[in-house]
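Since the structure of chain S is already known, use the hints to place chain U on it.
Here the protein sequences line up with chains S and U, keeping their order.
For the first sequence, the residue numbers in the working numbering are 74 to 434.
For the second sequence, the residue numbers in the working numbering are -7 to 287.
In case anyone wonders, no lab produced these hints; they're calculated from the structure.
The reader is advised that the hints may include incorrect statements.
Claimed, not checked - DSSO-like, lysine-lysine: derived pairs with alpha carbons at most 27 Å apart:
#1 U:K77 <-> S:K415
#2 U:K25 <-> U:K281
#3 U:K25 <-> U:K73
#4 U:K274 <-> S:K311
#5 U:K281 <-> U:K156
#6 U:K274 <-> U:K25
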Amino acid sequence: MKERAALIDRTSRNDFVTYGMVIAAFVIVQILSSMGVLTNQLQGLLVPLCVYAIMAVSLNLVVGILGELSIGHAGFMCVGAFVSALFSNQVGGGMPSLLRFIIAILLGGIFAGIFGFLIGVPVLRLNGDYLAIVTLAFGEIIKNIINAVYIGIDGRGLHASLTSANKLVDAETGVILINGPQGITGTPRDSSFLIGILLLLVSLVIALNLTHSRDGRAIMSIRDNHIAAESVGINITKYKLTAFTLSAVIAGFAGALYAHNLATLTATSARFGYNMSIMFLVFVVLGGIGNFRGGIIAAVLLTLIPELLRFLSNYRMLIYAIILIVMMIISWNPASRAFMEKHRLGGHLFKKKNTAGKEGE
Amino acid sequence: MVTFIENLINGLSMGSIYAIIAIGYTMVYGIAKMLNFAHGDIIMVGSYAAFIMISTLGVPVPLGILGSVIICLCLGIMIEKIAYKPLRNAGSPLAVLITAIGVSYFLQNGAMLVFGSNTKSFTSVIPASIQTMQIGPFQVRGIAVVSILTSLILVGILQTFIGKTRPGQAMLACSQDRAAASLMGISVNNTITLTFAIGSAMAAIAGVLMCSYSPALTPTTGAMPGIKAFTAAVFGGIGSIPGAMVGGLVLGIIEQLSKYYISQQVSDAIVFGVLIIILLVKPTGLFGKVIQEKV
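Only chain S is shown next, with the shape it has when bound in the complex:
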C-alpha cells in the first residue's frame, strides 16, 4: 500500500512539473513582454508555439502511448481549423467573441474527432508502416479536397462545386464560405497566447489523465504486447480507437487555435501537408517517445531555433537540418546514450520512457 501511494505520488509530481513548466513559460513570456524584450517576430510566434506544443501532445498519444505511427495528423488539424473558422465566420458578431471562440474550438475538436473515429475504424487494423502510409494518405486527401472544393450558402441552401465559385450561389443573398485554394478569409482573430496556454493545459490534462487511468494502462499494454493484452481480455479495437479519436480531438483544438490566428486560412501544403505531420513527429521523437513534457520542449525548441538562427540568413535552414541530425544521433545512438547516462547529462529531454514503436525490433 505504501509503495502504491509512493508510486501515485511520483506520477502526480511528475505531472505537476509538466503543468508548472507550461505555466512558468507563460509567466516568463508575460514578464519579458512587459519589459519590451520580445521582438515582433517572437510575439507573432507565441500562438503558433502553443499550436505546435498541443500537436506534440496530440501525436504523442498515438505514437507514444498507443505505439502506432501516424503521419497524417496535420489532416485532423486541418479539419479542426476549417470547421471552427466556418463557424466563427457564420456567427460573426452574433455572440460574444470569447463564447464564440470556445464553441468554435469545441466544434473543431468534435469534428476532428469524428474524422479520427471514421478513419480509425478501418485503418487501425493495419499496423506499423502500413498504418503510417494510410494516415499520410488520409491527411493528404483531406488537404487536397479542402483545397479543391468551393462551398457557398444562399437562400436555397448549401452548394458545393469542384470547379469554380462562379454562379455557385445566388448573387444577392449568397455567400462563398470556402473559396477553393483561396480558402476562408475574414476569420476573427480570437487566438491569444493566454488562450493557447490554457488550451495546452487542457490538452495535457486530457492526455495525462488518460495515460494514468485504467484505460490508459490498457492502451499501453496493447502497445507493449498486443497478443498478451488480447489474451487477458482487453478489447484492442476499442482502446486503439479511444486513443486515436482523443488524439484527433486534441489536434482539432490546435487547428481551431491556428485558424483564429490567421486572416486567411488556406489548405496549402506548407500549412497542412505531410511536411507538417512529419514535423510534429519530429517533436515527439526528439522529445522522447511517450514523454509529453519532452515533446512540448522539443516543439518549442525546434520552432525557436530557425528564428534564433535568423542572423545566418540563407544558411539557417541548412544549419537547422544539421542540428536536427546531430541531436537525433546524440540522443539515440546507443554509445552516446550510454555515455550520457554514465555522466548524467541530457536530463529529461533525452530520457526515454520506453522503446515504443513497433514490436519485434
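Chain U only, in chain S's frame:
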C-alpha cells in the same frame, strides 16, 4: 479510344518513373528496415547534377547521366555512413526515420543555397528527332517510350543481380534475417551500403527521366514524387521489387486517368484513396508477405 490509349501510355510512362523510385525505396526498406524519406531529394540532386553537366557544362548526354548516377551513388553511401549507420541499433525505428527527415531538409536547403529557389528549365535528354513519335494511330512522346523501356531493363538487371550474384544473394539474406546472415559470414554493413548505392543510383536515373518528362526543376522537385513512389512501394507490398514495379505503374495510370477524366485538382486525393482501399482489402499490399506473429 485513341485519347484513352494515349493517356494510358502517358500514365505508364510516369508510372515507370514512379516504379524506378519505388524500387529504391523498397530495397532500402527490405534490407535496412527503414523508410528513407530523403530518397525523393536524392532524385532532385541527381536532376540538378545532370542539368549542370548537360546544360551548363555541355557534357554529352550519356556522360552527363553517368556523372549524375555516380554523384548520387556517392551521396547515397555518404548519407548512409554519416546519418543512418550510428542509429542502426537505436532501439526504435522511428529514430532513423527522423534522421532521414533531417537529411531531406538538409538536401533541399542545400540545393536552395547552391542553385537558388527559382525554377530551372531542364532540357530533355531525348534527342529532338524522337521527341514525339507516331505509333499507328497514336501520338506518343519519346520520353514515354524511353522511360518504360528503362524501367523494364532496370528491373531485369536488378532481378538477375539479386537472383544470380553473390552480393545479390547476400542482400536477400540480410533482408530475411540480419543476424543469421552475419553468422554466415556476410558483411551486413557492406550489404546495406551496397543497397543504398544501388537505390540512389536508380534515383538519379529516375530524376533525369522525370525532368525530361516535365522540365521544371526546383529544390523541392523530388519531394512529392518521392512520397508518391513511397505510396507505390507500399501499394505493391513494401520490400518486394516486382510489387514496387507494379505499384508504380498502377499509381501512374490512376493518376493520369483521374487527372484527365475527373479533375486535375483532386487527382492526388484519388490516388491516395485507391491506395487506402487496396490496403484495407489486402493489408500487406499486392505482393507483400504476411508474417505470422509468434507468441
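Hint-by-hint comparison with the structure:
1. Using a Cα cut-off of 27 Å, the hinted pair K77 of chain U and K415 of chain S holds, with the two alpha carbons roughly 23 Å apart.
2. Only pairs whose Cα atoms come within 27 Å are accepted, and K25 of chain U paired with K281 of chain U is accepted, the gap being roughly 15 Å.
3. About 16 Å separates the Cα atoms of K25 of chain U and K73 of chain U, which keeps this hinted pair within 27 Å; it holds.
4. Distance hint between K274 of chain U and K311 of chain S is fulfilled; the C-alpha atoms sit about 22 Å from each other, no more than 27 Å.
5. A threshold of 27 Å between alpha carbons decides the hint, and for K281 of chain U with K156 of chain U the separation of about 22 Å falls inside it, so the pair holds.
6. As the CA atoms of K274 of chain U and K25 of chain U are separated by approximately 21 Å, the hinted pair is consistent with the 27 Å bound.
Violated hints: none; the structure is consistent with every hint.
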